[in-house]
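Using the supplied hints, reconstruct the complex from the two chains, each of which is provided in its own coordinate frame.
Listed below are the residues making up each chain.
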Amino acid sequence: METAKKRMLTGNKAMAEAIAQEMENDQNVFVLGEDIGKYGGIFGSTQGLIEKFGPERVLDTPISETAFIGAAIGSAAEGMRPIAELMFVDFFGVCMDQIYNHMAKIPYMSGGNVRLPMVLMTAVGGGYSDAAQHSQTLYATFAHMPGMKVVAPSTPYDLKGMMTSAIRDDNPVVFMFHKSLQGLGWMDQLDYAVGHVPEESYTVPLDKANVMREGKDVTIVGIQMMTHYAMEAAERLAADGIEAEVIDLRSLAPIDKDTIIKSVKKTHRLVVVDEDYRSYGMTAEVAAIVSEEALYELEAPIKRLAIPDVPIPYSHVLEDFVLPGPDKIVEAVKQMMDEA
Amino acid sequence: MFEEKQPAVSVDKLTWMYEQMVKIRYYEDQMVEAYTEGKSPVFNIGEGPVPGEMHLATGQEPAAAGMMVHLTKDDTVTAPHRPHHHAIAKGVDLKKMTAEIFGKESGLGKGKGGHMHLFDPEVKFSCGGIVAAGIPHAVGAAMANKMKGKDWVAVAFIGEGAANAGAFHESLNLAALWNLPLIVVVEDNSYGISVPKTASTSVESNDLRASAYGVAGAYVKDNDPIAMYKASEEAVNRARNGQGPTIIEIQTYRFLGHFQGDPELYRDKDEVPGLRARDPIMKLRQQLADAEKMSEQELEEIETRAKKEVDEAYQFARDSDYPKPEAALNDVFTS
Ligand SMILES: Cc1ncc(C[n+]2csc(CCOP(=O)(O)OP(=O)(O)O)c2C)c(N)n1
Ligand SMILES: [Mg+2]
Chain A
1 METAKKRMLT
11 GNKAMAEAIA
21 QEMENDQNVF
31 VLGEDIGKYG
41 GIFGSTQGLI
51 EKFGPERVLD
61 TPISETAFIG
71 AAIGSAAEGM
81 RPIAELMFVD
91 FFGVCMDQIY
101 NHMAKIPYMS
111 GGNVRLPMVL
121 MTAVGGGYSD
131 AAQHSQTLYA
141 TFAHMPGMKV
151 VAPSTPYDLK
161 GMMTSAIRDD
171 NPVVFMFHKS
181 LQGLGWMDQL
191 DYAVGHVPEE
201 SYTVPLDKAN
211 VMREGKDVTI
221 VGIQMMTHYA
231 MEAAERLAAD
241 GIEAEVIDLR
251 SLAPIDKDTI
261 IKSVKKTHRL
271 VVVDEDYRSY
281 GMTAEVAAIV
291 SEEALYELEA
301 PIKRLAIPDV
311 PIPYSHVLED
321 FVLPGPDKIV
331 EAVKQMMDEA
Chain B
1 MFEEKQPAVS
11 VDKLTWMYEQ
21 MVKIRYYEDQ
31 MVEAYTEGKS
41 PVFNIGEGPV
51 PGEMHLATGQ
61 EPAAAGMMVH
71 LTKDDTVTAP
81 HRPHHHAIAK
91 GVDLKKMTAE
101 IFGKESGLGK
111 GKGGHMHLFD
121 PEVKFSCGGI
131 VAAGIPHAVG
141 AAMANKMKGK
151 DWVAVAFIGE
161 GAANAGAFHE
171 SLNLAALWNL
181 PLIVVVEDNS
191 YGISVPKTAS
201 TSVESNDLRA
211 SAYGVAGAYV
221 KDNDPIAMYK
231 ASEEAVNRAR
241 NGQGPTIIEI
251 QTYRFLGHFQ
261 GDPELYRDKD
271 EVPGLRARDP
281 IMKLRQQLAD
291 AEKMSEQELE
301 EIETRAKKEV
311 DEAYQFARDS
321 DYPKPEAALN
331 DVFTS
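Note that the protein sequences, when read in sequence, are chains A and B.
Numbering follows the numbering used here, with no gaps: position 186 of the first sequence is 186.
Numbering follows the numbering used here, with no gaps: position 81 of the second sequence is 81.
If you're looking for bench data, these hints aren't it; they were derived computationally from the structure.
All of these numbers come straight from a predicted model, not from anything done at the bench.
Check the hints yourself; a few may be wrong.
Stated by the list, open to error - No more than 25 Å apart at the CA atoms, straight line, and that leaves these computed lysine to any residue pairs for SDA-like:
1. Lys328/A with Gly46/B
2. Lys38/A with Lys269/B
3. Lys324/B with Lys38/A
4. Lys324/B with Tyr192/A
5. Lys328/A with Ala327/B
6. Lys269/B with Gly54/A
7. Lys38/A with Ala327/B
8. Lys52/A with Glu264/B
9. Lys334/A with Glu326/B
10. Lys38/A with Glu53/B
11. Lys38/A with Val272/B
12. Lys328/A with Val332/B
13. Lys38/A with Ser190/B
14. Lys324/B with Asp309/A
15. Lys38/A with Glu264/B
16. Lys52/A with Pro196/B
17. Lys39/B with Asp309/A
18. Lys52/A with Ala199/B
19. Lys328/A with Lys324/B
20. Lys38/A with Leu275/B
21. Lys38/A with Thr72/B
22. Lys39/B with Tyr192/A
23. Lys324/B with Asp327/A
Claimed, not checked - A few chain A residues facing chain B, derived, Cβ under 10 Å:
24. Thr66
25. Met87
26. Phe91
27. Ala131
28. Gln189
29. Pro308
30. Asp309
31. Pro311
32. Gln335
Unchecked claim - Negatives, chain A to chain B, calculated, CB over 12 Å:
33. Lys5
34. Glu34
35. Asp35
36. Ile36
37. Gly54
38. Ala77
39. Ile106
40. Tyr128
C-beta: ideal position from N, C-alpha, C; glycine also.
If we strip away everything but chain B, and leave its shape as in the complex, we get (with noise of 0.2 Å):
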């Protein structure tokens, strides 16, 4: 009688991945300015406001927004060593995270992880600096979900160098065995660090490998915000239904280098701004304008909302205080 028709995406969903993925990339920007203050002319690593590494994910928003719209605060998140895309569109306190990566006590952390050492427990938020380590932590709280009886999943985001690790491997494995609501989100920029997908992994994507595993497999391109949205919608409801694990791969762009200060010699100069030209921002933007007929101040709207909440952030971590020196010696255990 009826065809199948592709479901529309509302645009209540689209608008709200349009404002996490334009807060993110304002977020980012920003970032990249105060990592910069105190660090030229020259460039020194330790010095500044915001010292130590920062990756960056500008350029990579879909992935976080088009999976995170499917997800609730009971949901858990796991993300690595570039995380705030993930954080943000999961709803971390901003204001608390970006205290955080300047090394102030209101931070999530009181100063002590740092931009690649945020957690947020109230939103179910966790990323860490070793390469892979977040896969297994969400398959435990896919295991906890399970165990206590609830629909909640949980999703691990890694990067496309990650999924070359043991301990994708390993999780996957157990995941699937368990049939636990785990979802493994592989964001492919291309590279891990200066390494080239092409030299690090011995198959086109990693959708491929879900059927070593025995589980459901699938591929979104050129960072399309939607298909991402279509495909997260897909894996969430088959984790929530009791129908075990995805791998979902998406081809992302990573805008800037690996981290800030990467020389980037390992790729075209002509490269970024190819990629730049394929911005998911504008494409949605347009995409609002177009088939969803916003207005520009509609949009402006929107845009003006993100940024202004990311400016309080920043203005709230700059106010903040540093702890105290001796506060280092606090939290090796909990009371």
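Chain A with its partners taken away, still in its complex shape (with noise of 0.2 Å):
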């Protein structure tokens, strides 16, 4: 007797094929971006579409990054629902104005009467040597800031559903894909780039975060590639017989605080694990939060992994040195864990 298999997807197909499955639902979806016809984005994110849809929905555009996310801004403004693609997330620094001047902001100031349905999805990480410009995530800079929901999946499941909601949602939002989880054939092969993935549209919300692992004794808190290393890391910890409990935060704006104080009072430690710069990030608010809702239910000072505020270098020793990984996880909790 034969089991139905699953359907299993990379990542890149997941968004591409949530972005397809609106663009049939909705004549209004476009996309527009740097190499995302043909090519089929950089990171494979739009692949197909031009095949699909052709030229007038998937917007090949040049190196001209606010006039097109400004003018993703004016169309979603006339009600289109434009999904602009900015390649690597460390070019926000030629458009950031219409990013954080406007997109976050016109709904605001217009008390609500301005509604920007659009998406900026926007590749993140490191990891492969591609140096200061072209590894950071900055999920912080973008979280930081009011008036847009920002996303980070780290599945092929969630990277299609929460790509869903972001083209359905009203409000602008900036969805954060990481390069290593698109499972593209020139990068490192991670089992994690692909899983199962229903071919029928659904949606993933986009203000929850995810318990991918049960525990008692700790909760380690991750964003995309570090949720996958802390789970790595818990594989190995269960062999030393403590028991970590994974939160792939997934939304980082609106944070869910529920998930992360209920997992906390139920372990009462905390490992905050981000490929993020260290001060004034995601680790930061993370502990924050926990500071504030439920510190006395802490055993042990919360420890914080990140890259150690200093640029993403290039050298592989360099960067290895930087990047938080399994390894160093297993070393944080072991040590949490003695001093107790």
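Structure below.
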């Protein structure tokens, strides 16, 4: 007897499928960005779209981020539902005015009278020697500023479900996808970049964290790659009798405080792992939430693992040193358990 | 009385250009090999002695050689993400540059920068990975030169795709307004990654945009090293004499992918063989042999010398040590 095989997709195909389904549903949805047409997006997020929908709805742009992201804003105000791709999040520097002064503020400044139903999708992350201007995540930079929903899914299932939600949302959503989790043939082949994705359309909420693994001894909060590293660390810790609960933060803004607090109340220990800079970052935010709302639940000081406030270096020996990974997580957890 | 004749380019200058172009070509050929190490049979961008993105300039040698022949180490050059040809022709320390690309301690940036981020203040060279970002830096260098009362110039090299970035337009307006000794060289290799120029640029060539800023414009056809020499000479003289900025666009050829590993599905399979048939290095070699009566032996001597320098640089890079991991924490602030 044959059991039905689960339908498996890479991260990039999951994203592209969500976009294609929404484009079929709604004539107002369109995509614009650099190399998103024939090339299918440098990180594959728009693969197959131009073949299906043509160049009128899948627009390759010049290298003019201010103009095309600004144009996405202008068209969204007119009722279109644009998805603009900023090829690497690092390039936000050339167009941030449009993003944070306009996309993020117009709905508020208009007293809610102007809607900007748009998605700004962008690739984040390092670990493959792309150096300081092409390896950042900048999670906190975006999550810090009010007026944008900011999400960072880490599985193909969530990439599809959250992209669908993002397109349907009437607010601007910054959709960060991790290069290494796209399942691309030319990068590290990671098991977790491929996963079960149903064919039919579905949504995943934009404001809920996901408990990836239950445990009673310590809570590890991660984002994207760091969630997967936390899962690897948890497996190894389990062999030593330490049961870690792993939370995939998934939604950076708004942040799902309840899931974090609930977990810490159970485990009484917290490690936060982030691929962004340490100071003023996501690790600080999660630590602050727990300090404010569950301080007396803690049996040990919170530990934070993140990039130690240096630009991301090129040489792999240097990059390995600054990026958190499973070893560092295991070490931090063990240290924490010993201290108690 | 006498007719105005096209000033001939001296054989010394042509020889210098030829040597640079050969050096660049051989350097990039060696880089193709080095980059491939550790990446086969399965390509993984993060593996091998040279990981990360790799944008090579094979075919684009004339732009660098034809401009740099007019510059000294006091003139500033900024380059984009495809910087090796500019760096080599500007006289960047080849050993330290190669070591940087191999991520070594002895590299220009101690392994922190890599191939897109090469800085050699000794010869006033820099480059970066953000499209068009080097143009305003060149404006600043030109401004500094003027403030210091020097006749030094600043040259920003960019791809044709970069000419659609705000930084291009803002910089040219500023440089024109302040009458700065700036030259912008637009290397039109027909593509910005996969997007053809016809799909990104509203005018045929960027020298046409010069009038919009009130600067001079020049166009160099068919990747011609000598035409590039002449256009550059005029632009450099103009800048040195305080007569303001120039935009030079050169039609050039990208023989390789945008980066190594690019499947190049966006261009015709016959395109590159067609471009390679117009190899500017072969053309210049022919010219040196025919017009300048250089012997085969003389030409080979030049080629051997250039290749030796490159081989030594790669050897130096391979022999150098990796930085200590903790060195990642240094240099955030200079001391
Ligand atoms: C601000 C910015 N946007 C996008 C990119 C991604 N990118 C890198 S190179 C490139 C194409 C550049 O084309 P062109 O200027 O013609 O230079 P070429 O690669 O052809 O030498 C793009 C889009 C970038 N590095 N910086
Ligand atoms: Mg180009």
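(message) Given the hinted pair lysine 38/A and serine 190/B, is their Cα-Cα distance within 25 Å?
(response) holds (16 Å)
(message) Does proline 308/A hold up as a contact with chain B if the rule is Cβ-Cβ below 10 Å?
(response) Interface hint status for proline 308/A: holds (6 Å vs cutoff 10 Å).
(message) For glycine 54/A, is the shortest CB-to-CB distance to chain B above 12 Å, so the non-interface label stands?
(response) holds (14 Å)
(request) Decide if the proposed pair is consistent with the structure: lysine 38/A and glutamate 264/B, CA atoms, cutoff 25 Å inclusive. (result) The hint holds at about 10 Å.
(message) Given a cut of 10 Å on the nearest C-beta pair, is the interface hint for methionine 87/A held or broken against chain B?
(response) This hint holds: methionine 87/A lies near chain B, its Cβ roughly 9 Å from the closest one there, short of 10 Å.
(message) Would the hint linking lysine 328/A and alanine 327/B be met if the CA-CA limit is 25 Å?
(response) holds (18 Å)
(message) Hint check: lysine 38/A vs valine 272/B, CA-CA at most 25 Å. Holds or violated?
(response) holds (19 Å)
(message) Given a cut of 10 Å on the nearest C-beta pair, is the interface hint for aspartate 309/A held or broken against chain B?
(response) holds (7 Å)
(request) Against chain B, run the beta carbon of glutamine 335/A and see if the smallest gap drops under 10 Å. (result) violated (19 Å)
(request) Just double-check glutamate 34/A for me: nearest Cβ-Cβ distance to chain B has to come out over 12 Å. (result) violated (7 Å)
(request) Would you check the hint for lysine 38/A and glutamate 53/B, treating anything up to 25 Å between C-alpha atoms as holding? (result) holds (20 Å)
(message) Run the distance test for lysine 38/A versus alanine 327/B: straight-line Cα separation, threshold 25 Å.
(response) Roughly 42 Å separates the two Cα atoms, so the pair is violated.
Of the numbered hints listed earlier, those contradicted by the structure are 3, 4, 7, 17, 21, 32, 34, 35, 36 and 40.
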